[in-house]
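> Based on the provided sequences and hints, a complete structural model is requested.
Residue numbers (this note's numbering), protein chains in the order written: chain V, 158 to 225; chain E, 284 to 647; chain W, 329 to 425.
If you're looking for bench data, these hints aren't it; they were derived computationally from the structure. One or more hints might be untrue.
What the hints assert, rightly or not - Between beta-carbon pairs, the in silico distance windows are:
#: 1; chain 1: E; residue 1: L314; chain 2: V; residue 2: D216; range: 46 to 54 Å
#: 2; chain 1: W; residue 1: G359; chain 2: V; residue 2: I176; range: 33 to 41 Å
#: 3; chain 1: W; residue 1: S398; chain 2: V; residue 2: T223; range: 24 to 32 Å
#: 4; chain 1: W; residue 1: H331; chain 2: E; residue 2: R519; range: 54 to 62 Å
Only a predicted model underlies this, so the values are computations on that prediction, with no experimental measurement involved. Each residue gets a CB set at the ideal place from its N, CA and C atoms; glycine is no exception.
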Amino acid sequence: MLERAGVPAVSICTDAFVIPAKAMADVLGHPEFQFVTIPHPIASLGEAEIETRVREIVDDVVRILTHA
Amino acid sequence: MTAAAELPLVDIDELRRVIEDYFERGWTDGLPVMPVTESILAEFLSQTARDPDEVLLAMPHLNRACTVRLAAINAAMAGCRPEYFPVVLAAWTALKAENYVTRGIWQSTTGTAPMLLVNGPVREQIGLNSKGNVFGSGFRANATIGRAIRLTALNAFGLRPGELDQATQGNPAKYTACIAENEEDSPWPAFHVEHGFRAEDSTVTALTMRSVAHIEARHTTVPEQLAIDLAGTISRTGALIHETISACIALGPEHAHLLARAGWSKDDLRRFVFEHAVNMREALAAAGKDAVSGKTRWRLSSGHAEAVPDSTPDADVVRALGCEEAVQIVVAGAHNAGVSAVIETFGPRGGPPAIAAVERLSAR
Amino acid sequence: MSHREAILDPTGQSERGRDPTLAARVPGLSGIRLGLLDNTKANAARVLETLADQLRAQHHVGEVSTYTKSYFGTPVEEDRAQEIAQSCDAVIAGVGD
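Pasting the structure below:
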């Protein structure tokens, strides 16, 4: 939806949801839409663990937003 | 060798090849389907005045829609007879009115499935079971009408497990779930009459179910004791993802008559269950569900960073139901034991149920 | 032996539309207006905010705005997407469970 509106986007999802996330992108007509995955789960994490997981994905997020 | 000559002879290689072909294309729910061609489809479409291209339900977020034609193909594949098709169509109308399906509920980790409730004369006309084994197997109309909805979800909407359906576990109703009310053994007005339809109307009610919890209460003739069992099942903390829950009580006829003999109406039972489906605040705290998320309103611990107080933060006794209307009541099953069930549903946590009339063709 | 007929496709898949073009990427993150789209599930906002903090420190992104999805079960609505597109140069969305 955002890509169609003309803004580059990246979606962060936990690794448990990669397959449905790709399937959604496919039915919406964006089979090459890119995701950054972080290990599942997120809902039960504390501050320090979030900090660590985010540090591991920063480079991927930058890459997807700047290079097609 | 008894009457072998009377059993049909088939071209087994061809039959088997066709059935296997459906499996290879991924067009089944894991069970064999009935092959469907244009002439079979035409028999189904002749059961309705509706346009084959009419969209019954669209899921714009999936870029998919189910037309009358697609619903008919899948109903035939599910094993429905053509005369069941108006019930299938009413089910789609009710599911659309219920409004959970278009919000991605069939894709959810929760793993809900549609549960259909049929009322009125169509039950007799097409042989829908409302008595013994009402949730069980052995009845073509029940089995195939419920399956028609699920096959359509898999085929027309592409909601396949591991792809667009993310259910953590799902539930057995993902194969089929269609019951009829045992109006004949009920001491009260039928469910559809209670909600403003005429007794001679046939209707389908759509529920989004999470589970069917079994109630054993063979021990009592005291209405309050039975109602406490029902309320206690509804209020279990494991069911509380949201602040409150909704449920449909499927009373066995014996239980319905026990209540009616004591002078209870459906509304009396509803009121009692609403008052008694509660948890002590400390029991919720012990399960880490004594507050809600400020964003989703899902229950979580008051110690969580996103926690805000629930609707009744000062109450020591916390209701599991938001209002009396969050409980629906039907009568189903055989009149042979003190057994009932609570169908745990996903909304509406208040407001009327989603009921659609079954179309009657005048020129039949 | 009676006539033969073709099996019918129960998926209706030939009716599906496609729009395979992704939006143009940004040349770099320095100074861009970054949008965060929170799906409202537990900790989603914290992950997105932590990520924005790190992008600010390491890549000097400019203004950061947070948007919240009205319902996590379905994609962001068309008009909402337009609104976000007008006020942001790039968007980060997430996160499930």
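> For each hint, tell me whether it holds in the structure or not.
To see whether the hints hold, each was checked on the structure:
Between L314/E and D216/V the CB atoms are about 47 Å apart, so this pair conforms to the stated range of 46 to 54 Å. Checked against the hint of 33 to 41 Å, the pair G359/W and I176/V passes, with Cβ atoms roughly 36 Å apart. At about 29 Å, the CB distance of S398/W to T223/V agrees with the hint of 24 to 32 Å. Distance hint check for H331/W and R519/E: the Cβ-Cβ separation is about 57 Å, which falls inside the suggested range of 54 to 62 Å.
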